[in-house]
Amino acid sequence: MPVKVLIPTPLRNLTGNAAEVEVEAADIAGLINALEARHPGLKERLCDPSGKLRRFVNVYLNEEDIRFLKAEATEIKAGDEISIVPAIAGGC
Amino acid sequence: MTSYAKSLQCRECGKEYPLEARYVCEFCFGPLEVAYDYERIRRAVSRERIAERPRTMWRYREFLPADGENPVTLDEGCTPLVRARALGERLGLKELWIKNDCANPTHSFKDRVVSVAVTKAVELGFKTVSCASTGNLANAVSAYGARAGLERYVFIPANLEAGKVVASNVYEPHLVKVEGNYDEVNRLCSEIAGRHRWAFVNINVRPYYAEGSKTLGFEVAEQLGWRAPDHVVVPMASGSLLTKIHKSLGELHKTGLIAKPATRVSGAQALGCSPISTAYLEGTDTFRPVKPNTIAKSLAIGNPADGYYALRAIKESGGAAERVTDDEIVEGIKLLASTEGIFAETAGGVTVACLKKLAASGAVRPDEVTVAYITGTGLKTQEALHGRLKEPPVIKPNLASFEAGI
Chain A
1 MPVKVLIPTP LRNLTGNAAE VEVEAADIAG LINALEARHP GLKERLCDPS GKLRRFVNVY
61 LNEEDIRFLK AEATEIKAGD EISIVPAIAG GC
Chain B
1 MTSYAKSLQC RECGKEYPLE ARYVCEFCFG PLEVAYDYER IRRAVSRERI AERPRTMWRY
61 REFLPADGEN PVTLDEGCTP LVRARALGER LGLKELWIKN DCANPTHSFK DRVVSVAVTK
121 AVELGFKTVS CASTGNLANA VSAYGARAGL ERYVFIPANL EAGKVVASNV YEPHLVKVEG
181 NYDEVNRLCS EIAGRHRWAF VNINVRPYYA EGSKTLGFEV AEQLGWRAPD HVVVPMASGS
241 LLTKIHKSLG ELHKTGLIAK PATRVSGAQA LGCSPISTAY LEGTDTFRPV KPNTIAKSLA
301 IGNPADGYYA LRAIKESGGA AERVTDDEIV EGIKLLASTE GIFAETAGGV TVACLKKLAA
361 SGAVRPDEVT VAYITGTGLK TQEALHGRLK EPPVIKPNLA SFEAGI
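These protein sequence lines are chains A and B, in that order. When you number the first sequence by this note's numbering, it's gap-free, plus one each residue, and the end is 92. When you number the second sequence by this note's numbering, it's gap-free, plus one each residue, and the end is 406.
Read the hints as simulated data drawn from the structure, not as lab findings. Hints are not guaranteed to be accurate.
To be verified - Chain B is nowhere near these chain A residues, computed Cβ spacing over 10 Å in every case: (1) PRO8; (2) VAL21; (3) SER50; (4) ARG54; (5) GLU63; (6) GLU72; (7) SER83.
As the list claims (entries may be wrong) - Here chain A is said to cover these stretches of chain B; the calculated rule only asks that three of the stretch's residues, wherever they fall, bring their Cβ under 8 Å from a Cβ of chain A: (8) 18 to 32; (9) 268 to 280; (10) 302 to 311.
What the hints assert, rightly or not - Think about it this way: if two alpha-carbon atoms lie no more than 16 Å apart in a straight line, the pair counts; the simulated EDC-like pairs of lysine to aspartate or glutamate are: (11) A:LYS4 x B:GLU191; (12) B:LYS390 x B:GLU403; (13) A:LYS4 x A:GLU63; (14) B:LYS291 x A:GLU64; (15) B:LYS291 x A:ASP65; (16) B:LYS291 x A:GLU36; (17) A:LYS43 x B:GLU26; (18) B:LYS315 x B:ASP285; (19) B:LYS315 x B:GLU282; (20) B:LYS357 x B:GLU89; (21) B:LYS260 x B:ASP230; (22) B:LYS6 x B:GLU33; (23) A:LYS4 x A:GLU36; (24) B:LYS247 x B:ASP230; (25) A:LYS4 x A:GLU20.
Please read these numbers as outputs of a predicted model, since none were measured by experiment. Even glycine gets a Cβ: it sits at the ideal position worked out from N, Cα and C.
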């Protein structure tokens, strides 16, 4: 089940400058492991030592923040688009 | 002039980077912040030197990460700090002050951050500035970008107040309405930022941009006779403004301009988008992002990037946080207008309404020198008051009609 993952600029040195990569996984946790297998080093950037997503990393499934879904346990299916975005500010 | 900024530094792991257009630590994704050589600043500044300079926020140029000799400016800053006796009396506060940042060139505090961001964008060689905005930032980027002769791409949620749309569009930027809330606009912009070499003021030049907010703390200290207030009440969206005001007072102390501050820092949010206040009130360190639903659209950031730092500043300083309903926000706007003659936008209504609750609960004490920050004008968010004000009587243009009707 290939899904498309949008890679933010700060991580592209690990993906050979690719802005998008395709991997297969059943859920977000699996997706992170699949990314790590393809591009070693990605996981430790995205997750803290306990394996949880870092505080400043946002992950979106088809434009929805996975924290509104089932976080790392959120299931994914073929054709989904996943976007990894560092936290950013605005407003006051 | 040489800048006193020395690097960008990760707030989480401390890793340092050169002063470029970057905003996130490549290693841990923590946010980057400008680091300064405070010893050099200490030698360069004095109260007298600052007092001699023009009355704009660039009088504090040593504390800003851009070329203060040649800024992109509309003379922002040095806005009024007015003693609010009538409002103070209503709330039971003996020495209340209002920092009125409606009095900026595009009528909100965003002129401060954007003046720094656009100045830095020009220094870094960008030809295009851009932003995701809840309105005020869009206005400021549209105006300051025009002044600098830059291309401007400005992204706003499609449901913004009409006044905020016109107040961007008049400067003729490329204005784009996005069908979604601010958090969605922001996510889209960070994806666009990965493809186009533009200066996104709140993304890749954010570390510089955010520093502009410090001038709201510097000015208040100078206006109070070079002393820090006892308590400040600040509206929170991402939480950035609150953390920067807190930081600014520490910097004035570090560089010998004021005595050690003991300012308590309190935050204000709308109940319909209150992830930071809710975390405070529930005593947790983790934020649950929310889908905003409030009339205070300029504060409607459901996923507050600086929330963690804002919460820490509130707790460390002994401050508090509050949240108020849309009705309380409207009453807050009316209370400030009718007691002090200042017409604030919805975010100002949030601040005043939260101040009222904080005063009632004793979190803001009656004898504290307290400053409430009003960050934008009500003229841009008039929709909030539709149906909430008394209808004026209509009379014929003669005396009899006046005497009978009034």
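Okay, the hints, checked on the actual structure:
1. Here PRO8 (chain A) does not stay apart from chain B, with its beta-carbon only about 6 Å from theirs, under the 10 Å limit.
2. Once the 10 Å rule is applied to beta carbons, VAL21 (chain A) is consistent with being away from chain B; the minimum gap is 13 Å.
3. Against chain B, the non-interface label of SER50 (chain A) holds: every CB pair exceeds 10 Å, the least being about 14 Å.
4. Look at ARG54 (chain A): its CB is around 5 Å from the nearest CB on chain B, not clear of 10 Å, so calling it non-interface is violated.
5. A beta-carbon of chain B comes within 10 Å of the beta-carbon of GLU63 (chain A); the shortest separation is about 7 Å.
6. The Cβ of GLU72 (chain A) sits about 15 Å from the closest Cβ of chain B, beyond the 10 Å cut-off, so the non-interface label holds.
7. The Cβ of SER83 (chain A) does not lie farther than 10 Å from every Cβ of chain B; its closest approach is about 6 Å, which violates its non-interface assignment.
8. Counting residues of the stretch 18 to 32 of chain B whose CB lies closer than 8 Å to any CB of chain A gives 10, which reaches the minimum of 3, so the coverage claim holds.
9. Counting residues of the stretch 268 to 280 of chain B whose beta-carbon sits less than 8 Å from any beta-carbon of chain A gives 0, not enough to reach three: the coverage restraint is violated.
10. Counting residues of the stretch 302 to 311 of chain B whose CB lies closer than 8 Å to any CB of chain A gives 5, which reaches the minimum of 3, so the coverage claim holds.
11. For the hint linking LYS4 (chain A) to GLU191 (chain B), the alpha-carbon distance of about 14 Å falls within 16 Å, and the restraint holds.
12. For the proposed pair LYS390 (chain B) and GLU403 (chain B), the alpha carbon gap of about 19 Å is over 16 Å, so the pair is violated.
13. A distance of roughly 13 Å separates the Cα atoms of LYS4 (chain A) and GLU63 (chain A); the hinted pair therefore holds under the 16 Å criterion.
14. The suggested pairing of LYS291 (chain B) with GLU64 (chain A) holds, with an alpha-carbon distance near 11 Å, which does not exceed 16 Å.
15. A C-alpha spacing of about 10 Å is found between LYS291 (chain B) and ASP65 (chain A), which places the hinted pair at or below 16 Å, so the restraint holds.
16. Distance hint between LYS291 (chain B) and GLU36 (chain A) is unfulfilled; the C-alpha atoms sit about 31 Å from each other, more than 16 Å.
17. Between LYS43 (chain A) and GLU26 (chain B) the CA atoms are separated by roughly 13 Å; this keeps the pair inside 16 Å, and the hint holds.
18. Between LYS315 (chain B) and ASP285 (chain B) the alpha-carbon distance is near 11 Å, which keeps this suggested pair within the 16 Å criterion.
19. Taking the CA atoms of LYS315 (chain B) and GLU282 (chain B), the gap is about 13 Å. The hint holds against a cut of 16 Å.
20. For the given pair, LYS357 (chain B) sits about 14 Å from GLU89 (chain B) by alpha-carbon distance, which is consistent with the 16 Å threshold.
21. Between LYS260 (chain B) and ASP230 (chain B), the direct Cα distance comes to roughly 12 Å. Compliance with the 16 Å bound is thereby established for this hinted pair.
22. At most 16 Å may separate the alpha-carbon atoms for a hinted pair to count; LYS6 (chain B) and GLU33 (chain B) meet this at roughly 11 Å.
23. Distance restraint check for LYS4 (chain A) and GLU36 (chain A): the Cα-Cα separation of roughly 15 Å lies within the 16 Å cut-off, and the hinted pair is therefore satisfied.
24. In summary, the hint linking LYS247 (chain B) to ASP230 (chain B) is supported, as the alpha carbons are separated by about 15 Å, within the 16 Å threshold.
25. Of the pairs offered as hints, the one joining LYS4 (chain A) and GLU20 (chain A) holds, with about 7 Å between alpha carbons and a cut-off of 16 Å not exceeded.
Checked against the numbered hints above, the structure violates hints 1, 4, 5, 7, 9, 12, 16; every other hint is satisfied.
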